[in-house]
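The listed protein sequences correspond, in order, to chains Y and R. Taking the UniProt record's numbering, the leading residue of the first sequence gets 1, the next gets one more, and so forth. Taking the UniProt record's numbering, the leading residue of the second sequence gets 1, the next gets one more, and so forth.
Hints may contain errors.
Pairs involving identical chains hold if they fit within one copy or between any two copies, as the list cannot separate such chains.
[As the list claims (entries may be wrong)] Dumping the calculated PhoX-like pairs for lysine-lysine here, alpha-carbon to alpha-carbon at most 25 Å:
| id | residue 1 | residue 2 |
| --- | --- | --- |
| 1 | K294 | K342 |
| 2 | K226 | K294 |
| 3 | K305 | K341 |
| 4 | K316 | K286 |
| 5 | K98 | K131 |
| 6 | K345 | K305 |
| 7 | K316 | K345 |
| 8 | K272 | K245 |
| 9 | K272 | K286 |
| 10 | K273 | K337 |
| 11 | K273 | K286 |
| 12 | K286 | K324 |
| 13 | K294 | K324 |
| 14 | K305 | K337 |
| 15 | K316 | K294 |
| 16 | K101 | K131 |
| 17 | K310 | K324 |
| 18 | K101 | K34 |
| 19 | K131 | K273 |
| 20 | K294 | K327 |
| 21 | K245 | K273 |
| 22 | K101 | K273 |
| 23 | K273 | K98 |
| 24 | K227 | K245 |
| 25 | K305 | K294 |
| 26 | K294 | K245 |
| 27 | K227 | K286 |
| 28 | K305 | K245 |
| 29 | K310 | K337 |
Hints in this document: simulated from the structure, not taken from any laboratory.
Listed here are the chains, written in short residue letters.
2 protein chains.
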Amino acid sequence: MLAIEKNRASQIQNIKSKRIEKVSVDELFDGISKGQYPELAKGITLIESTRPEDFEMANLLLTKCLSIQNSSLRIGITGVPGVGKSTFIESFGSYLTKMGKKVAVLAVDPTSSISKGSILGDKTRMEALVKDPNAFVRPSPAGDSLGGVSRKTRESIVLCEAAGFEIILIETVGVGQSETLVHSMVDFFLLLKLAGAGDELQGIKRGIIEMADAIIINKADGDNVKKAKLAKTEFARALHLYPPKENGWIPTVLMVSSIESSGLNDVWSLLKKFFEESEGNGHLSKNRFEQNRKWFEQNLENELKFRFFKNPHLQKDIAETLLKIEKNEVSPFHSAKLLVKKFLK
Amino acid sequence: MLAIEKNRASQIQNIKSKRIEKVSVDELFDGISKGQYPELAKGITLIESTRPEDFEMANLLLTKCLSIQNSSLRIGITGVPGVGKSTFIESFGSYLTKMGKKVAVLAVDPTSSISKGSILGDKTRMEALVKDPNAFVRPSPAGDSLGGVSRKTRESIVLCEAAGFEIILIETVGVGQSETLVHSMVDFFLLLKLAGAGDELQGIKRGIIEMADAIIINKADGDNVKKAKLAKTEFARALHLYPPKENGWIPTVLMVSSIESSGLNDVWSLLKKFFEESEGNGHLSKNRFEQNRKWFEQNLENELKFRFFKNPHLQKDIAETLLKIEKNEVSPFHSAKLLVKKFLK
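Same shape as in the complex, but just chain Y (with noise of 0.2 Å):
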């Protein structure tokens, strides 16, 4: 990090910190019951600070929250850059926020740095949105790593819910590993895809496409409408080709013009269809608590590996150890299981 921008960075903090230190977890949690943007805003920056003076009143407040928590419809949304992510939530918010749903748009972006202004950007992309009453937008945290910027959303998830916002949508940029993390902690996973020429699922990474419940063909609009009935064709084969889902939902591909906000009838049509058939089935409620589930043994294994690996006292054996194992002289598994019992002792 450069020099101006460490220091735009720590006055970021500082003002950050002043605005947290200036309330109470209890005056934070009255504002956010209430559903004030002020205090939900104000909550997330605590939730998201790094400072270890701040976890206390962190955990306090999401326990607090984790208690009025309503229900809402958490969506996940990836696609690989310019194929107009933004653009598609900005329409589909304002679609949703007019039929008087409370809209709250959060964003997994791990390659999202102050440096990059991205904390402003992200904003701005949404102009409508910002300034809609109903609808609530974050930039995706900063972060050292991709788990702690979702484990953030993740979090920030349940003070939304507690503001009484009924449908999250969770952006994030279609590379590494973040759609993963998003997929875990959404109810339906969203795929964005722009109609091109040949290869339509070229450029995906491997899996992406096995997460959808749903795939829209972006800017289905002027031109492109002939191309993207082509592409909608390819990917409904693709589709097909994959066995079904667990929940037995079927996944589908749509087109929408977020210019022409054609196709947002049919988005949300296919979103009310899964909601009603996972939560008839019990599906929506069974696959949440297996999230937590899961977020918690992650959780334990990360956390026990991180205290293994900093461990002082093993941090000579460890080297040597990677350094045998790449020459094949010991067993992965025997030295795992003597680095373990000397840990514990």
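Assemble chain R onto chain Y, guided by the hints.
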């Protein structure tokens, strides 16, 4: 387990134990390094033993074998039951031994157990290979967990390589997690399919096609040839839809008749091409080091989690936490952190 099966299992364990006790690690290692089959078989039995008193000997033998481990081609073979894996291995294995290659066949079969008789079952299905002086066939080890079974198989590879086997075929049934485990211990992953009517990719677990380095349409003989050709085209198209693999390898579809022994030349040519390419560009050794590292990390995780979950002082807390997580009363993150803190105190 029925009493009679239990009895049989304990008899088998007794016979195995006696067999092991008769020889020392040095004797075993000496025999293995000379490529002697009885010592190799006994060594693997030692590796597979679940008696804690055998662990140290097993590790000693393993470390010795690692020191003289030859390079081999490790090939994973998967496909749903009935696709003809054993017949394919029998005919491809014989094809290889006729070329003078030494071939070992191992299995990771989560459905295998003593009561189902597959310890002998596998062997009798490969009559020619079992009698072949250049082949060594080892059925799936019995085990409580798939992870345990695959770990034993992973270590058996080391022993087979120390005994001079040049090609290791690892068979797995296309159900559950076993392919992922086999994929993580081989250089090349083969998916066997039958030419069927209609949806060729149906019935295969999500993700398996993405792991395949080649798909083989088996039983491409007699009336099946036409259907096999159609299947080949459909699979080739499906593979084309995936982004390229990290090592640059482009998965291929081949047709084989294990009964008519046709297509085996093509399979061997493809494998040679793969190994020449990936040895040339360094991906083979890179992949193996990464696999070892992953096995190490995974075993580290497993061991840490195992110790955590069986800790007698945590049983009550874990049960209570899971209940609270299910009811959405606590954050999965904070509760994991708290429990780990208690564990390491």
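Structure-based check of all given hints:
no., hint, verdict
1, K294 x K342, "between (28 Å within a copy, 20 Å between copies)"
2, K226 x K294, "neither (42 Å within a copy, 46 Å between copies)"
3, K305 x K341, "both (14 Å within a copy, 13 Å between copies)"
4, K316 x K286, "between (44 Å within a copy, 23 Å between copies)"
5, K98 x K131, "within (13 Å within a copy, 76 Å between copies)"
6, K345 x K305, "both (16 Å within a copy, 16 Å between copies)"
7, K316 x K345, "both (17 Å within a copy, 23 Å between copies)"
8, K272 x K245, "within (18 Å within a copy, 37 Å between copies)"
9, K272 x K286, "within (18 Å within a copy, 48 Å between copies)"
10, K273 x K337, "neither (49 Å within a copy, 38 Å between copies)"
11, K273 x K286, "within (18 Å within a copy, 47 Å between copies)"
12, K286 x K324, "between (44 Å within a copy, 15 Å between copies)"
13, K294 x K324, "between (33 Å within a copy, 14 Å between copies)"
14, K305 x K337, "both (13 Å within a copy, 12 Å between copies)"
15, K316 x K294, "between (32 Å within a copy, 19 Å between copies)"
16, K101 x K131, "within (15 Å within a copy, 72 Å between copies)"
17, K310 x K324, "within (20 Å within a copy, 30 Å between copies)"
18, K101 x K34, "within (16 Å within a copy, 75 Å between copies)"
19, K131 x K273, "neither (30 Å within a copy, 60 Å between copies)"
20, K294 x K327, "between (35 Å within a copy, 15 Å between copies)"
21, K245 x K273, "within (16 Å within a copy, 36 Å between copies)"
22, K101 x K273, "within (17 Å within a copy, 58 Å between copies)"
23, K273 x K98, "within (20 Å within a copy, 60 Å between copies)"
24, K227 x K245, "neither (28 Å within a copy, 27 Å between copies)"
25, K305 x K294, "both (16 Å within a copy, 13 Å between copies)"
26, K294 x K245, "within (19 Å within a copy, 28 Å between copies)"
27, K227 x K286, "neither (39 Å within a copy, 41 Å between copies)"
28, K305 x K245, "neither (32 Å within a copy, 29 Å between copies)"
29, K310 x K337, "both (17 Å within a copy, 15 Å between copies)"
Going down the numbered hints, you'll see the structure goes against 2, 10, 19, 24, 27, 28, while the others check out.
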